[in-house]
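Here the protein sequences come in this chain order: A and B.
If you're matching positions, the first sequence starts at 9 in our numbering and goes up one per residue.
If you're matching positions, the second sequence starts at 4 in our numbering and goes up one per residue.
Since the hints were made in silico from the structure, they are not lab data.
Keep in mind it's a predicted model, so treat the numbers as computed, not measured.
It cannot be assumed that every hint is accurate.
[As the list claims (entries may be wrong)] These stretches of chain A come out as covered by chain B in the derived footprint (C-beta under 8 Å, 3 or more residues):
1) 80 to 90
2) 224 to 231
[To be verified] Derived Cβ-Cβ restraints for the label pairs, each shown as a range:
3) A/K120 x B/Q40: 58 to 66 Å
4) B/D16 x A/Q227: 25 to 33 Å
5) A/S232 x B/G43: 23 to 31 Å
6) A/Q227 x B/E18: 21 to 29 Å
7) B/S12 x A/N234: 53 to 61 Å
8) A/L67 x B/S46: 49 to 57 Å
9) B/T50 x A/V106: 46 to 54 Å
For each residue, glycine too, the CB sits at the ideal point set by N, CA and C.
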Amino acid sequence: MLNKLSLAGLMLFFSQTAVGIENFITHATTLYPPACVSTAPLGEVSTPSSTRIQFLNQLVDLTAYPNTNNKADVEVLVYRRGCKDPERGVMFISTSLVAGGEAFFLPRIFAKVEGTRYPLRLANEPNSFEQEQGGTIKGSGFREFIMDGVAESKIASTENIISIAQYNGSFTLIIQDGFDPSIEYELPVTAYTGFQKPVNFPLTGRLSGNWVVEGVPDQGFLISVNEFIDENGVQNFTFLSWYTYNSDGSLLPTFMKSLPIRLTLKLS
Amino acid sequence: MTNGEFLGSKVADREVVGSATLTAESCNEITLEFDLQGLGLGSDTVTLNRIFSLETAGYACRDQTARLDAKN
Numbered sequence: 009m010l011n012k013l014s015l016a017g018l019m020l021f022f023s024q025t026a027v028g029i030e031n032f033i034t035h036a037t038t039l040y041p042p043a044c045v046s047t048a049p050l051g052e053v054s055t056p057s058s059t060r061i062q063f064l065n066q067l068v069d070l071t072a073y074p075n076t077n078n079k080a081d082v083e084v085l086v087y088r089r090g091c092k093d094p095e096r097g098v099m100f101i102s103t104s105l106v107a108g109g110e111a112f113f114l115p116r117i118f119a120k121v122e123g124t125r126y127p128l129r130l131a132n133e134p135n136s137f138e139q140e141q142g143g144t145i146k147g148s149g150f151r152e153f154i155m156d157g158v159a160e161s162k163i164a165s166t167e168n169i170i171s172i173a174q175y176n177g178s179f180t181l182i183i184q185d186g187f188d189p190s191i192e193y194e195l196p197v198t199a200y201t202g203f204q205k206p207v208n209f210p211l212t213g214r215l216s217g218n219w220v221v222e223g224v225p226d227q228g229f230l231i232s233v234n235e236f237i238d239e240n241g242v243q244n245f246t247f248l249s250w251y252t253y254n255s256d257g258s259l260l261p262t263f264m265k266s267l268p269i270r271l272t273l274k275l276s
Numbered sequence: 004m005t006n007g008e009f010l011g012s013k014v015a016d017r018e019v020v021g022s023a024t025l026t027a028e029s030c031n032e033i034t035l036e037f038d039l040q041g042l043g044l045g046s047d048t049v050t051l052n053r054i055f056s057l058e059t060a061g062y063a064c065r066d067q068t069a070r071l072d073a074k075n
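Construct all of the structure, not just a fragment, from the sequences and the given hints.
Here is the structure:
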C-alpha cells in the first residue's frame, strides 16, 4: 500500500517545543559539512522556525508497538536548514508521539532520486558514525525503541549511497513504516539554495591553525584550541599568539614578551 | 607574565592586561574581539581567515570522530 501524503490533510501546526527531539537524516559518509552542526546535544541546537525550509508538519500513522494491529498517531516534522557552506544543508526529522498514544516503530527513511532509492540513516547525535547510535529515540513522549539505524547502515551499498550533491538537491523523501515496509509516505523536498550561519558553531580543536586578519594579510594569529577532558567534561584551553610577516614572507613572532590573555570562549 | 624563570620550574607572576573573545563563524572564519587598551594596543573587532586548510571529504573542518580515528 502506498499512501502519498496530502499536505492539505491532517495539518497540525505545533510549536517547536512540542515536537520533541531532532533526529538527523544523514549518512555515515557525512552528507552535510561536519561543522554545520554543533556536537552539543540536539536539544541545544534546535533550529528556529524562521530559518528552515519546512516540508512536513502533520500527524502520520505509524505501526504501534508492541500491539502491531494498532496505529500510533505521530507528529512528524521534516525540514532542512542551511549551512555556512554554500548550497549545503542538513535534513531534519522530528517525531513526537501524541500524548497518551502507544509507542511506535521508528520509520525507515529513504531518498528517491530519479527512480533510485537511497537509504538515509537516522542519527540522534550530530556527526555520529557509530552504528549503535542510529535509530534510537530518546526523550519525553517517546518510548525508546531501536529499529533501523543499524539496519539502514547495513542496507547501504556502493550502488545506493546518496551523494552529497543529491542529498543537498531536490528529491523525494520516503518515510517507510518501521514494521510494515509496504506502508510508505512520499514527500517532495527541495534544494536549499542559500546559506546561513550555524545555530551553534562549536569552538573546538578543529579550528586550530594559522589565521590571518582580513584586510591585513601581513598579520595573523596562531590559534590552538585544546580540548582537555577531566571529571567536569571538556575544558577548552586556547593559546593564541600574534605574528607578522616581514618583507620576504618570513614569520615574525610579535608576542615575544609572553602575554597572557584571558579568553572568553563563545559559541555563536 | 613577569618574573619567571627560563627552563625552570618557578611560577611566574601573572597579570590580566586585556581580554579577547573568539567566536567561530564557520570552518574558515573566526571573529576576534580584543581589548588591549591597557597595553596601548587599543580595541577592535577583526575577522580572521585561514592561511590554508586541509580538507577532509571536501570539508575544511574535520569532525571529532574522524580525528580520533586518525589518531588511533
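| request: Please test the hint of 23 to 31 Å on the beta carbon pair from A/S232 and B/G43. | output: holds (26 Å)
| message | Taking 58 to 66 Å as the stated bounds, is the beta-carbon spacing between A/K120 and B/Q40 within them? | response | holds (60 Å)
| Holds or violated: 53 to 61 Å for the Cβ distance of B/S12 and A/N234? | Since the Cβ atoms of B/S12 and A/N234 sit about 21 Å apart, the hinted range of 53 to 61 Å is violated.
| Per the hint of 21 to 29 Å, is the separation of the Cβ atoms of A/Q227 and B/E18 within bounds? | holds (24 Å)
| said: Verify the CB-CB distance for B/T50 and A/V106 against the hinted window 46 to 54 Å. | reply: holds (47 Å)
| said: Can you tell me if the region 80 to 90 of chain A counts as covered by chain B, using C-beta to C-beta distances under 8 Å and a minimum of three residues? | reply: violated (count 0)
| Okay, A/L67 versus B/S46 on CB: inside 49 to 57 Å? | This hint holds: roughly 54 Å between Cβ atoms.
| Do three or more residues of the region 224 to 231 of chain A come closer than 8 Å to chain B, measuring C-beta to C-beta? | Check passed, 4 qualifying residues.
| query | Is it true that B/D16 and A/Q227 lie within 25 to 33 Å of each other by Cβ? | reply | holds (28 Å)
This entry does not satisfy hints 1, 7, going by the numbered hints stated previously.
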